[in-house]
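In order, the protein sequence lines correspond to chains A and B. Take the first sequence: its position 100, counting from 1, is numbered 100 in the working numbering, and each next residue is one higher. Take the second sequence: its position 25, counting from 1, is numbered 25 in the working numbering, and each next residue is one higher.
These aren't lab readings, by the way, just hints derived from the structure by calculation. Keep in mind it's a predicted model, so treat the numbers as computed, not measured. Every residue gets a Cβ at the ideal spot worked out from N, C-alpha and C, and that includes glycine. A portion of the hints provided could be inaccurate.
Stated by the list, open to error - Chain A side only, calculated, beta carbon under 10 Å to chain B, not exhaustive: (1) Ser16; (2) Pro132; (3) Arg133; (4) Ala134; (5) Tyr264; (6) Ser327; (7) Glu331.
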Amino acid sequence: MSKERKGLKRELQQLSPPDELEAQRRVWPVVRGAFEGREPVSWHRRNVRPLALAAAAVVVGAAALSAPGRAFVGDVRDAIGEDAPAPKPKRVLASLPTGGTLLVNSPRGPWIVQPDGSRRLLGRYWEGSWSPRAQHVIVTRAREITAVKPNGVIRWTIGRPRRITGARWSPDGFRVAYLTGTELRVVAGDGTGDKVLRNRVATTPPAWRPGANHQLVFGTVDGQIALAQTDTGVTRWRAPVGEAARQLVWSEDGQRLLALGERYLRIFDAKGTELGVLGLPLGPSGAAFVRKSHRFVLIRWQPATGRSELVLMDAESERGEERSLFSAAGEFETLAVSPNGRWLLVGWVGADQWLFLRLDALRVRAVSNIAEQFGGPRRDRPLSAHFPSSVSWCCPASP
Amino acid sequence: MAAPSREERAWVRGAQSGSASALEALFREHWPRAHRAAYLVVQDGAAAEDIAQEAFLAAVRNLDRFDRRRPFGPWLHRIVVNRAIDWARARALRREAGEPLFGEWDGDTEDNVSLGNPIPEDIAGGLRSLSPEHRAVVVLRYLLDYTPGEIAELLDLPRGTVNSRLRRGLDHLEEIIDRRRP
Numbered sequence: 001m002s003k004e005r006k007g008l009k010r011e012l013q014q015l016s017p018p019d020e021l022e023a024q025r026r027v028w029p030v031v032r033g034a035f036e037g038r039e040p041v042s043w044h045r046r047n048v049r050p051l052a053l054a055a056a057a058v059v060v061g062a063a064a065l066s067a068p069g070r071a072f073v074g075d076v077r078d079a080i081g082e083d084a085p086a087p088k089p090k091r092v093l094a095s096l097p098t099g100g101t102l103l104v105n106s107p108r109g110p111w112i113v114q115p116d117g118s119r120r121l122l123g124r125y126w127e128g129s130w131s132p133r134a135q136h137v138i139v140t141r142a143r144e145i146t147a148v149k150p151n152g153v154i155r156w157t158i159g160r161p162r163r164i165t166g167a168r169w170s171p172d173g174f175r176v177a178y179l180t181g182t183e184l185r186v187v188a189g190d191g192t193g194d195k196v197l198r199n200r201v202a203t204t205p206p207a208w209r210p211g212a213n214h215q216l217v218f219g220t221v222d223g224q225i226a227l228a229q230t231d232t233g234v235t236r237w238r239a240p241v242g243e244a245a246r247q248l249v250w251s252e253d254g255q256r257l258l259a260l261g262e263r264y265l266r267i268f269d270a271k272g273t274e275l276g277v278l279g280l281p282l283g284p285s286g287a288a289f290v291r292k293s294h295r296f297v298l299i300r301w302q303p304a305t306g307r308s309e310l311v312l313m314d315a316e317s318e319r320g321e322e323r324s325l326f327s328a329a330g331e332f333e334t335l336a337v338s339p340n341g342r343w344l345l346v347g348w349v350g351a352d353q354w355l356f357l358r359l360d361a362l363r364v365r366a367v368s369n370i371a372e373q374f375g376g377p378r379r380d381r382p383l384s385a386h387f388p389s390s391v392s393w394c395c396p397a398s399p
Numbered sequence: 001m002a003a004p005s006r007e008e009r010a011w012v013r014g015a016q017s018g019s020a021s022a023l024e025a026l027f028r029e030h031w032p033r034a035h036r037a038a039y040l041v042v043q044d045g046a047a048a049e050d051i052a053q054e055a056f057l058a059a060v061r062n063l064d065r066f067d068r069r070r071p072f073g074p075w076l077h078r079i080v081v082n083r084a085i086d087w088a089r090a091r092a093l094r095r096e097a098g099e100p101l102f103g104e105w106d107g108d109t110e111d112n113v114s115l116g117n118p119i120p121e122d123i124a125g126g127l128r129s130l131s132p133e134h135r136a137v138v139v140l141r142y143l144l145d146y147t148p149g150e151i152a153e154l155l156d157l158p159r160g161t162v163n164s165r166l167r168r169g170l171d172h173l174e175e176i177i178d179r180r181r182p
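Between the sequences and the hints, there should be enough to build the whole structure, so can you do that?
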């Protein structure tokens, strides 16, 4: 090894995590608890079972090669399910289970997916968001924000000196809010009147309050969220949330707000009063309100088991009983509710699937190969780098 | 990869048979490097602790399936580094305001090493200015001492990609060392 590389090695070895020994002391009881909670496997089971399974696999494999064998294997798989109630997935998204149009943000750019499954890549943009009636999509790429029609025709573009993210169209269509650097800016829906609303904001995408006159909630760099009237610039309330929120979600009537952070979920009413807080483990999460309701679906990661769970909760001070809708090994990352409120789209990253859950009848449909359909060939990158990062399902009728 | 030491094989065998003290020995042996590797890739103390903890929990869950003729470290490091890369990529997409601009990685090109960004003066800053994928190969090579071939196996990457990431990452970091040299 050259002298320079030895120097580099020495310097790397001197970089240590803060609180290194304390971290070790904190983690060992957790690991030991998981170890003591597992079911030990005997030598006989550990060694004989794989051999028996291998022998059985040879027999079943041979049987499955025949036509009756294939049918039998399919029946068994349907009857048992690999992770009940996950169904056998379809390989291609040939249709949506109900009406509406999807806007899918993928590493290749935003896609528009029609109910018959046909899809169109809008262009080499980094992120897109619907206008309220799906007549336009607001897209961003590097330092530009652009309004395009779903057929790709550009209506207007604005350039800024710093990277643009988090663009969102107001529910009445007359305003667009976006982030650039540490500024939160607002522009009219026709691309005119671009102005700064606030400085020193967090990178949390802002969220327009439904049913209100241009009220926008956003995160600040000092660990708060704030609601402002964008035409007058007046702040209506501020509330502390600690570390920056990742996602801000309003209920359809604009009376409940969820602030989802890396380790918490906070529930607020329209006046900024905190109704409740829920601690979350570090990991994938997401939340979406059920239509015409204060109930919401939360993705909850379970680090001890490596599973994700979808839980239905009430956004009230008394949250009532949680209802577990679905759970599976691996990470869920995307939630989108259909315009009629009956279906929930869930991105199951580890399985490379989208699940469509019927909320009122406990039915599940699954489509696999999502990363390849939207992110292109995987090459040598991990699956998560190709899986769509977000989906929105347009457009609910006005409440 | 080197075969496990006799001592390590005994710890794995003991842990598989239910011995908490054997598991503790494995934990004490492997935690510091796993934690440090996660920290160097994600550059966030709390996240590194969570990632290393989750890797150990995954190891505990799969302990019965582990082949004790193989070394424990690479098995653990594969989990740690892949999770750390995923976390760092997700973090880059929702970068908090106020963090240094260098280090921002847009994911557009395979070998983006934030070319054209200002070069920071220390190794920690230099690492931060690499993409998570580049940080991972540098950490595996120079903190955990894996060969490029072993890194390719751990990360499921072609050997050429590992070499290219190592070369670009090291060129960048060595420039920092050179600049400090009197």
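Open item on the list: Of the numbered hints stated earlier in the document, which are not met by this structure?
Closed with: 2, 3, 4, 5, 6
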